[in-house]
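So the sequences go chain by chain: A and G.
In terms of our numbering, the first sequence is residues -14 to 268.
In terms of our numbering, the second sequence is residues 149 to 231.
Among the hints, a few may not be true.
Label-pair ranges, simulated between beta-carbon atoms [to be verified]:
| # | chain 1 | residue 1 | chain 2 | residue 2 | range |
| --- | --- | --- | --- | --- | --- |
| 1 | G | 155 | A | 52 | 48 to 58 Å |
| 2 | G | 174 | A | 183 | 32 to 42 Å |
| 3 | G | 208 | A | 57 | 46 to 56 Å |
If you're looking for bench data, these hints aren't it; they were derived computationally from the structure.
Where a beta carbon is used, it is the ideal one built from N, C-alpha and C, also for glycine.
Letter by letter, the chains look like this.
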Amino acid sequence: MITGVSEHAPGLWAIHGSLLELDHQLDAIFLSWARELNAPEYRFPQFLAVQHLDRLQYFSSFPHLVTFAVSLDRDEEELKRFAKEHEVSADGSLELPMAPRVTHVVTPAACYHAYVEFEGQEFNEPKIITTRGTCCRREDYYVGLERQWIFSMREIVCIGTSEEVQTFLAEAQEKVDRFVRELGLNVTWEGATDPFFNPKNNPKYIFQKLDPVKQELVFDGRLAIASTNDHRSYFGDAFQLTRDGQTLSSGCIAFGMERWLSAFVHSFGEDPESWPAFKVSDV
Amino acid sequence: MSESTREKLRAFVLEKTESAIADLTDQTHLFENGILKSIQVMDLILFVEEISGQEIDVEGLKPGAFKNIDTIMKNFCENRDEK
Chain A
-14 MITGVSEHAP GLWAIHGSLL ELDHQLDAIF LSWARELNAP EYRFPQFLAV QHLDRLQYFS
46 SFPHLVTFAV SLDRDEEELK RFAKEHEVSA DGSLELPMAP RVTHVVTPAA CYHAYVEFEG
106 QEFNEPKIIT TRGTCCRRED YYVGLERQWI FSMREIVCIG TSEEVQTFLA EAQEKVDRFV
166 RELGLNVTWE GATDPFFNPK NNPKYIFQKL DPVKQELVFD GRLAIASTND HRSYFGDAFQ
226 LTRDGQTLSS GCIAFGMERW LSAFVHSFGE DPESWPAFKV SDV
Chain G
149 MSESTREKLR AFVLEKTESA IADLTDQTHL FENGILKSIQ VMDLILFVEE ISGQEIDVEG
209 LKPGAFKNID TIMKNFCENR DEK
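Turn these sequences into a full structure, and let the hints guide you.
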């Protein structure tokens, strides 16, 4: 296991020491790009309402990834019984005394909250913001720093016309290219599709094949550490984001923070002394 | 004379669109210009399968294959009415 990374349970890792410092330094770079784009930072809640995600057909597109936020009904008697009788089984599971209705999901992608935040608003110019979220995606298997149940994502999001979004994405991609060149990371941009469930029967997957809207920054030919996503009018339609009565487009650049740490360790080793130095002012 | 495949395709697009189309041509980008919504791509594929008599391999789809009526005709219906 890499120094500074400890596994708490399948999919769940803690980070500390130099790796955590590196995370902060990298994030400072991404934040500086957001500042250059006049993008204010937002902190969003950890949960998303199922009614918001359902508008995006999330439950039909990504049912395999979702993690629900479950709480017990506030029934005094049931709570008393649960407090007294609950029992964690040998397999590590806990049976709930009733089947509570689920209203929220643990955030699967940081940028979704931005569309909820701006629902119904009209923008006379491009709206660019940044946020960092702790995201949650259930996977078939896990690898520390690379494929975690819970991971960190920094995003810069743009809401605007199709041209404005494309200009934003090109500019963001340019910043990334300059940075990875300076670092000497072995990465390439590759066309990609989202990990849809039952993709062949999902119009969104088919649409992504016909009209590529996602580019991933792939490290060593195997690990996507960032992506640009042109959502077209998908979120604009779902959350009524408009200008002069016309639905707006949106796009984002996303950075998988732990994966950047993995790319550093695999490129330059575990000793922080061997990592390339960089500062916000250098970029 | 029966309706040509191309005419059927134009009629399908005009029937399905929710946009006010002033001038739909065979070169109009169906999705980028919002003539059809991305969610309607499945309907379009099923319709093209129906009028072309051929099953479409979704995994083998290439970018731009359904860009406009011309590309759909070229990619999937060439051996129906036109060469």
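Notebook entry, point to check: Is 46 to 56 Å a correct range for the gap between the Cβ atoms of residue 208 of chain G and residue 57 of chain A?
Noted result: The hinted range 46 to 56 Å holds for residue 208 of chain G and residue 57 of chain A, with Cβ atoms some 49 Å apart.
Margin query: Verify the CB-CB distance for residue 174 of chain G and residue 183 of chain A against the hinted window 32 to 42 Å.
Written below: Holds - the Cβ-Cβ distance for residue 174 of chain G and residue 183 of chain A, about 33 Å, lies within 32 to 42 Å.
Next item on the list: Given the range 48 to 58 Å, decide if the beta-carbon distance of residue 155 of chain G to residue 52 of chain A lies inside it.
Entry: 50 Å, holds
Going down the numbered hints, you'll see the structure goes against none, and every one checks out.
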